[in-house]
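Colleague: All chains, full assembly: derive it from the sequences and hints.
Protein chains: 2
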Amino acid sequence: MALFIGVDIGGTKVLATAVSSTGRVSRTARRTTPGRRVEARLVEDALTEAVEEIAGTRRVRAIGIAAAGFVDAQGERVRFAPHLPWRDEGVRARLQERWSAPVVLDNDANCAARAEVTYGAIGGAETALLVTMGTGIGGAVVLDGEVHRGFNGMAGEFGHMQVVPGGHACECGGAGCWEQYSSGNALVRLARDAIVAGEPTTLAEACGEDPGQLTGPMVTDAAAAGDAVALRAFATVGDWLGVGLANLVAAFDPEIVVIGGGLSAAGDLLLDPARSALRASLVGSAHRDVPPVARAALGPEAGAIGAADLARQTFRIGGTRARARLRAARGTAPRR
Amino acid sequence: MALFIGVDIGGTKVLATAVSSTGRVSRTARRTTPGRRVEARLVEDALTEAVEEIAGTRRVRAIGIAAAGFVDAQGERVRFAPHLPWRDEGVRARLQERWSAPVVLDNDANCAARAEVTYGAIGGAETALLVTMGTGIGGAVVLDGEVHRGFNGMAGEFGHMQVVPGGHACECGGAGCWEQYSSGNALVRLARDAIVAGEPTTLAEACGEDPGQLTGPMVTDAAAAGDAVALRAFATVGDWLGVGLANLVAAFDPEIVVIGGGLSAAGDLLLDPARSALRASLVGSAHRDVPPVARAALGPEAGAIGAADLARQTFRIGGTRARARLRAARGTAPRR
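Line order of the protein sequences matches chains A and B.
To convert, take the position in the first sequence, counting from 1, and add 12; that gives our numbering.
To convert, take the position in the second sequence, counting from 1, and add 12; that gives our numbering.
These are computed hints drawn from the structure, not numbers from a lab.
Be a bit skeptical, because a hint or two may be false.
The list treats identical chains as interchangeable, and a pair is accepted whether it falls inside one copy or across any two copies.
[As the list claims (entries may be wrong)] 25 Å max Cα-Cα, derived SDA-like pairs, lysine to any residue: (1) Lys25 - Gly296; (2) Lys25 - Pro94; (3) Lys25 - His299; (4) Lys25 - Met230.
Modeller: This is the structure in structure tokens:
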């Protein structure tokens, strides 16, 4: 059996997977992302280690990379990645050469959407939006059952839509971006502010009385146990999620909205307030179908699964496209 | 020559046109829209008069209607129209019966986008956004060179995306909608406020010292003549236009953005501040192509031209589809 590997590289971790043709993950390997202000080489070393751990001695047919950043329309370059050191770099060809195996590259949310289309919650829907709630917000657009990459390959950058003029400063350089109000970071900030304000909450103990140590999973656990501060933080983040979704639904009119990313593990704690706010904020909601807001099916491995699927679909057909692509990458393509 | 008619019905006027296969308008007829709180019959009478004026004694091959409202995915019903009396009504079949000619129906901005794709400013672009700036904001999404209608037929409702939490109240029942900050209404409100505040401006005289009589064209003329208040109103409306476009471009990543509607007649007075704000607000704008913001090519007739084109494309092929559709509409379709 040919081995297809999918690797997801985010701001905090690298996840490499071996993925079967049915989307099943048979092996995983993890590394810590070295950071955003390091040599790009260090990030690529971490990727290489994770890929080699998966491959072992087996022959690798192709590798897909899901990157947390702007990937160009050709799938060649990472143009910009707020949480990674790549700046307009030809990552695909460089890693293909280093790994001596065919490599494909796409944005992480696009890969996750691909996985949810093929194996998960998007299923047969023709038009869908995926919103990934992690540290920030990522996203992807599915049209006619395929991921819509846009003219620059940058469609689906929902997290930096402005929802509050002059609002919270954002790492992107802007202000009032959606992810400043609805994301893991926003959740933790809301809960932290409540701790600092001295509100009664089990979170103070959970973080060892040091609000700087508070994490998203701590807030999720506390909310699940009924802590009022944690529940309110989820209500606020979920409400903002729904307000932003209303904007996206007005623009795209999708059949379904799927919420992925780490924060989606909170399930209805997050999704119920989002559904209410979507219905309340969406123009003409009494005169249309309001799309269901569903939790992603594939969890934190979705990006890697989608990257492996992209590699498989690109390189499966008798290797013809693979060879053509490799020849082109090496500058040895036959003249036409 | 078969006669194809396109009719645009908006909140203030009805425009009927005879349109050639090259998109040329050979005849026009106008009526005033009777209002939003009247019997639907009165609006349909106005449409009928305009269509009959165009048709005269010629045989009509098909009629397209561009309606300012939510049209369902099947093109049968107007689900909701803030400025018209239709509420979930089967307008297409009713008018087809009344007119004894094949009728097609779509949203007005979708029709305008269709016209700009076929004959105008969108041209060969695969992915484009049309934003129509009139009394409010309408919009349409072009993907793979075709108008994307969405699951409910309601994609492109950009005007009611929330840009200011708890902002200006909107006719849609929401608050802080984009069109409250960037539209003909917003332009007039800004200029009116300046007149009421006693700021020196030629607009006071233009409206006969009655700010309630101020119109968008008056503000456009004053800005073109260098009036500071009018110029500032355009700068503000244009800036908000660009901020909203940045949100849409982040989500769709289009190749081009086209601005239509009555306000687009102001040209660069409106578009220059919009271009600046788009570049300033768009995430990662230094690492991507920022799409050009172009003025629509077909002016106020775009909706009617697109409606006629929709009629032509639906009913041109030897009449086969036309007859099948008519049979289906009349319940006389052959059993399969």
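Colleague: Which numbered hints does this structure break?
Modeller: Hint check: nothing fails, all pass.
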